[in-house]
Amino acid sequence: MHTAAVDAEHEYVYEDDFDGNSFDDTSAEKYTDMAAGKKRNSIMSQESEFEIDDQLYSDDDGTDAYNDYTLVEPLSTVSARELNQGTVPNLKYECLTAQSIFEKMVERVNHLKLIFNICTEDLLSLMQHFDWNEERLLESWTDKMDDLLVEIGLKNASETVSGTQIDASNGTETARTLNFRNNFSCMICCEEKTTNTFSLECGHEYCIDCYRHYVNDKLNSGNIISCIGCSLALKNDDIDKITGSPSSKKLMMSSIKSFVQKHNKNYRWCPFTDCNYIIHLKDTSSLDEYARLHYSPFVKCSDSHRFCFSCAFEIHAPADCNVTALWVNKSRKESANLNWVLSNTKECPKCSVNIEKDGGCNHMVCSGCKYEFCWICERDWTPHGKSFYQCTLYKSDDDKKNAKTSLEVAAKTLKKYTFYYKMFNAQEESAKLDWTLGQAVGAKVRLLQEKMGVSWIEGQFLAESVRTLYEGRTALKWSFAVAYYSDASHNLTKIFVDNQSLLSAAVEDLSELLEIKEPAKIMDRKTDFYNKAGYVENRTSALIECGRDLLCKGICKPV
Amino acid sequence: MASLPKRIIKETERLITDPVPGITAEPHDDNLRYFEVTVEGPVGSPYENGIFQLELYLPDDYPMEAPKVRFLTKIYHPNIDRLGRICLDVLKTNWSPALQIRTVLLSIQALLASPNPNDPLANDVAEDWIKDEEAAKQTAKKWSKLYATPKQ
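Residue numbers (UniProt numbering), protein chains in the order written: chain X, 1 to 559; chain C, 1 to 152.
If you are wondering where the hints come from, they were derived from the structure by calculation, not from laboratory data. Note that the structure is predicted; figures quoted are calculated from it, not measured. Wrong hints could be hidden among the right ones.
[Said to hold, decoys possible] According to the in silico footprint, chain C covers these stretches of chain X (three or more CB under 8 Å from chain C): (1) 183 to 189; (2) 203 to 214.
[Stated by the list, open to error] As a list, the in silico DSS-like pairs of lysine-lysine whose alpha-carbon atoms are at most 30 Å apart: (3) X:Lys444 / X:Lys432; (4) C:Lys92 / X:Lys235; (5) C:Lys92 / X:Lys250; (6) X:Lys249 / C:Lys92; (7) X:Lys346 / C:Lys92; (8) C:Lys131 / X:Lys262; (9) C:Lys68 / C:Lys142; (10) X:Lys330 / X:Lys553; (11) X:Lys250 / X:Lys235; (12) X:Lys250 / C:Lys68; (13) X:Lys282 / X:Lys257; (14) X:Lys257 / C:Lys92; (15) X:Lys218 / C:Lys68; (16) X:Lys346 / C:Lys74; (17) C:Lys142 / X:Lys241; (18) X:Lys370 / C:Lys92; (19) X:Lys193 / X:Lys144; (20) X:Lys346 / C:Lys68; (21) C:Lys92 / X:Lys350; (22) X:Lys262 / X:Lys218; (23) X:Lys241 / C:Lys74; (24) X:Lys249 / X:Lys113; (25) X:Lys218 / C:Lys92; (26) X:Lys357 / C:Lys92; (27) X:Lys357 / C:Lys131; (28) C:Lys131 / X:Lys346; (29) C:Lys68 / C:Lys10; (30) C:Lys6 / X:Lys218; (31) X:Lys330 / X:Lys257; (32) C:Lys10 / X:Lys218; (33) C:Lys6 / X:Lys193; (34) X:Lys92 / X:Lys553; (35) X:Lys357 / C:Lys137; (36) X:Lys104 / X:Lys92; (37) X:Lys144 / C:Lys92; (38) X:Lys422 / X:Lys494; (39) C:Lys10 / X:Lys370; (40) C:Lys6 / X:Lys357.
Cβ atoms here follow ideal geometry from the backbone N, Cα and C, with glycine treated the same way.
The whole structure should be built from the sequences, with the hints applied where relevant.
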């Protein structure tokens with residue numbers, strides 16, 4: 001509701017300035033006119049496009065009534081604003097914290113409690129071991145209950161077989177607590193010393209120093225940590241006891257991470273540094289349709305970080321995810337760093353994390369998502385049991401050909417690329433500066449409040465302007481990626497380039513305005529702020545729409 | 001150089017006073033973390049009668065980190081590549097500080113006795129091994145004679 005109100009105000013002021021002609025620069029006035037006209041046009045054309053596309057879509061496959069419904073819905077002020085950000089309207093998602101994910105995990109396993117009759121912590125370990133595949137867990141469970149518990153380390157092997165082989169002289173009564181011992185000889189460090197020791201029910205007892213070192217090493221792997229001597233698992237309590245700090249939190253975090261990873265269709269971590277929010281998209285069925293129309297599902301976490309749900313990248317309109325990925329990859333490729341990454345690593349086929357093979361065989365297990373694949377053909381490992389060798393010959397040939405053509409293409413387009421890359425970088429640098437500017441804006445608003453007696457709400461136009469500026473810059477930045485992949489001779493591309501320079505000019509104008517430091521002057525030029533910010537906003541949406549047009553019509557062909 | 005951990009001293013002592021049959025491991029004079037190792041080919045395997053030289057290095061974090069082991073002698077084996085690198089679980093994910101130099105070397109000897117071409121490191125060797133096991137074993141025997149026979 002609040003956003004809608006603010007937007008309405010914007011619209012209003014903007015229209016107002018239209019009649020009032022507060023711009024003294026005539027060319028700016030002309031631009032404003034054009035921008036306004038364009039905006040209306042673009043929204044209209046976009047609506048009609050939806051209809052046509054939907055028509056096509058239902059011709060191909062008339063079953064998807066749900067998508068039709070979401071996309072044909074009329075655009076409210078709010079969704080117009082969303083469009084301005086290059087996102088699709090009506091994307092329903094929620095922002096979660098790690099804690100609420102954990103609650104979801106507990107919820108997931110709770111109904112299993114009756115079947116398994118073990119504690120929640122153990123159940124979580126079980127589920128994690130089975131990659132949150134409940135069916136597989138239940139299947140294995142009915143096959144071999146006790147073996148399973150022993151295998152995962154939830155149960156001591158000696159409890160299931162009669163007659164323990166292990167000398168349990170220190171007994172179960174001292175297990176899972178720190179014990180103080182005189183002249184204890186530790187198997188790991190071979191030192192004889194008077195020290196605290198730790199052991200589980202299995203009786204494998206080691207000095208606390210070795211145990212702590214061992215646990216700290218394993219904490220980052222995210223797997224269940226077992227006893228040093230056997231597969232019996234340490235519980236979170238034990239880990240905290242051994243390390244003397246609540247370090248099992250780290251393990252819990254990685255367990256939460258693995259849960260999110262396993263459900264990466266619906267969940268996405270906020271990619272911003274040190275942000276621990278997770279976006280949960282309940283219904284992903286319309287994502288394909290969005291992608292087809294070259295919209296990107298931009299979302300915002302509770303910390304106001306905005307990013308693309310599909311590719312977990314920052315807001316990249318007018319570019320779509322495809323262009324973004326190619327562009328980012330390309331710009332990295334130019335650096336020596338990526339050269340190394342390209343020649344020494346491969347992407348996990350499942351989660352796209354870069355993997356370096358530093359030894360061992362071709363049977364790869366991704367440390368992130370635990371996907372098993374073949375290093376040679378980058379496909380699933382399962383069918384490789386017997387016929388692994390077939391992939392060696394096949395791929396190497398292909399690779400050579402690819403390498404050759406890509407080299408030629410790179411040489412040909414290097415000049416063009418350097419130009420666009422410089423433009424892109426310049427905008428990125430400016431965006432960074434704007435960001436610092438934005439940090440200072442809070443102080444400015446306070447100054448306005450103190451010196452001019454302006455209310456906080458009234459001072460918010462400054463923050464709004466900074467946000468608009470940032471959005472404009474980001475759109476401008478990514479538009480160079482789109483331009484790079486577009487057919488330069490096409491008329492629409494030329495229009496797109498014109499749009500770029502218009503937005504660029506508008507952005508610089510607004511940026512200059514935000515440099516003003518004296519509170520009195522700021523208040524004097526309040527209408528200017530509104531005007532210029534409104535103009536930037538309109539130019540941004542015009543550029544984004546134009547870019548989407550290029551993509552939809554296939555003039556921008558990312559290859 | 002930091003002083004040698006007691007664990008390494010003890011293991012070294014035991015390797016010398018109570019050696020594993022068919023395996024020798026001697027620390028280098030200059031670097032007591034670097035071992036020169038020989039492993040006899042297991043009886044009944046294509047590597048029988050061969051004496052294979054390996055190098056073993058104990059990293060700074062040993063025993064929390066697995067020792068690094070590599071074959072120096074050329075060997076025809078699906079899980080050992082041309083550079084002598086070994087694909088063995090206890091050297092990677094299944095390492096535990098409770099294991100020792102001697103257990104690792106025993107595992108390597110066991111790997112010689114039972115190659116696993118379905119989880120290959122040397123693809124070409126594994127390919128041959130699956131296509132025609134007998135022929136591959138013959139090659140392994142030939143290589144052992146050629147490269148792993150002690151010089152007179």
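Hint check:
Closer than 8 Å: that is the beta-carbon criterion, and the stretch 183 to 189 of chain X has 3 residues meeting it against chain C, so the requirement of 3 holds. For the stretch 203 to 214 of chain X, the stated coverage by chain C is satisfied: 4 residues place a CB nearer than 8 Å to a CB of that chain, which reaches the threshold of 3. A C-alpha spacing of about 19 Å is found between Lys444 of chain X and Lys432 of chain X, which places the hinted pair at or below 30 Å, so the restraint holds. With a CA separation close to 24 Å, the supplied pair Lys92 of chain C and Lys235 of chain X stays within the 30 Å bound.
With a C-alpha separation of about 23 Å, the suggested pairing of Lys92 of chain C with Lys250 of chain X holds against the 30 Å cut-off. With a CA separation close to 26 Å, the supplied pair Lys249 of chain X and Lys92 of chain C stays within the 30 Å bound. At roughly 20 Å between alpha-carbon atoms, Lys346 of chain X and Lys92 of chain C fall within 30 Å of each other, so this suggested pair holds. Among the hinted pairs, Lys131 of chain C with Lys262 of chain X is inconsistent with the structure: their alpha-carbon atoms are about 38 Å apart, more than 30 Å.
A hinted pair counts as satisfied when its Cα atoms are at most 30 Å apart, and Lys68 of chain C with Lys142 of chain C qualifies at roughly 27 Å. A threshold of 30 Å between alpha carbons decides the hint, and for Lys330 of chain X with Lys553 of chain X the separation of about 23 Å falls inside it, so the pair holds. Distance check on the hinted pair: Lys250 of chain X and Lys235 of chain X sit about 13 Å apart at the alpha-carbon level, within 30 Å; holds. At roughly 29 Å between alpha-carbon atoms, Lys250 of chain X and Lys68 of chain C fall within 30 Å of each other, so this suggested pair holds.
Distance restraint check for Lys282 of chain X and Lys257 of chain X: the Cα-Cα separation of roughly 18 Å lies within the 30 Å cut-off, and the hinted pair is therefore satisfied. With a CA separation close to 23 Å, the supplied pair Lys257 of chain X and Lys92 of chain C stays within the 30 Å bound. Note on Lys218 of chain X and Lys68 of chain C: the hinted pairing holds, with a Cα-Cα distance of about 19 Å set against a maximum of 30 Å. Taking the CA atoms of Lys346 of chain X and Lys74 of chain C, the gap is near 29 Å; set against the 30 Å cutoff, the hint holds.
Our distance criterion of 30 Å between C-alpha atoms is broken by Lys142 of chain C and Lys241 of chain X, whose separation comes to about 56 Å. Proposed proximity of Lys370 of chain X and Lys92 of chain C is supported: the alpha carbons are some 15 Å apart, at most 30 Å. Pair hint Lys193 of chain X plus Lys144 of chain X does not hold up; C-alpha atoms about 42 Å apart against a cutoff of 30 Å. As the CA atoms of Lys346 of chain X and Lys68 of chain C are separated by approximately 24 Å, the hinted pair is consistent with the 30 Å bound.
With a C-alpha separation of about 23 Å, the suggested pairing of Lys92 of chain C with Lys350 of chain X holds against the 30 Å cut-off. Taking the CA atoms of Lys262 of chain X and Lys218 of chain X, the gap is about 21 Å. The hint holds against a cut of 30 Å. In summary, the hint linking Lys241 of chain X to Lys74 of chain C is not supported, as the alpha carbons are separated by about 48 Å, beyond the 30 Å threshold. Note on Lys249 of chain X and Lys113 of chain X: the hinted pairing holds, with a Cα-Cα distance of about 23 Å set against a maximum of 30 Å.
Distance restraint check for Lys218 of chain X and Lys92 of chain C: the Cα-Cα separation of roughly 13 Å lies within the 30 Å cut-off, and the hinted pair is therefore satisfied. Pair hint Lys357 of chain X plus Lys92 of chain C holds up; C-alpha atoms about 12 Å apart against a cutoff of 30 Å. For the hint linking Lys357 of chain X to Lys131 of chain C, the alpha-carbon distance of about 27 Å falls within 30 Å, and the restraint holds. Under the criterion of a C-alpha separation no larger than 30 Å, the hint pairing Lys131 of chain C with Lys346 of chain X is consistent with the structure, at around 29 Å.
Between the alpha carbons of Lys68 of chain C and Lys10 of chain C the distance comes to roughly 19 Å, so the proposed pair stays at or under 30 Å and holds. Between Lys6 of chain C and Lys218 of chain X the alpha-carbon distance is near 23 Å, which keeps this suggested pair within the 30 Å criterion. Between Lys330 of chain X and Lys257 of chain X the alpha-carbon distance is near 29 Å, which keeps this suggested pair within the 30 Å criterion. With a CA separation close to 25 Å, the supplied pair Lys10 of chain C and Lys218 of chain X stays within the 30 Å bound.
Restraint check: the Cα-Cα separation between Lys6 of chain C and Lys193 of chain X comes to about 12 Å, which is no more than 30 Å; the hinted pair holds. Straight-line distance between C-alpha atoms of Lys92 of chain X and Lys553 of chain X comes to about 28 Å, which keeps the hinted pair within the 30 Å bound. Straight-line distance between C-alpha atoms of Lys357 of chain X and Lys137 of chain C comes to about 28 Å, which keeps the hinted pair within the 30 Å bound. Our distance criterion of 30 Å between C-alpha atoms is met by Lys104 of chain X and Lys92 of chain X, whose separation comes to about 19 Å.
Simply put, Lys144 of chain X and Lys92 of chain C have alpha-carbon atoms about 28 Å apart, close enough for the 30 Å limit, and the pair holds. A hinted pair counts as satisfied when its Cα atoms are at most 30 Å apart, and Lys422 of chain X with Lys494 of chain X qualifies at roughly 19 Å. Proximity of Lys10 of chain C to Lys370 of chain X is assessed by CA-CA distance (about 38 Å); at most 30 Å being required, the pair is judged violated. A distance of roughly 33 Å separates the Cα atoms of Lys6 of chain C and Lys357 of chain X; the hinted pair therefore is violated under the 30 Å criterion.
The structure fails to meet hints 8, 17, 19, 23, 39 and 40 from the earlier list, while all remaining hints are met.
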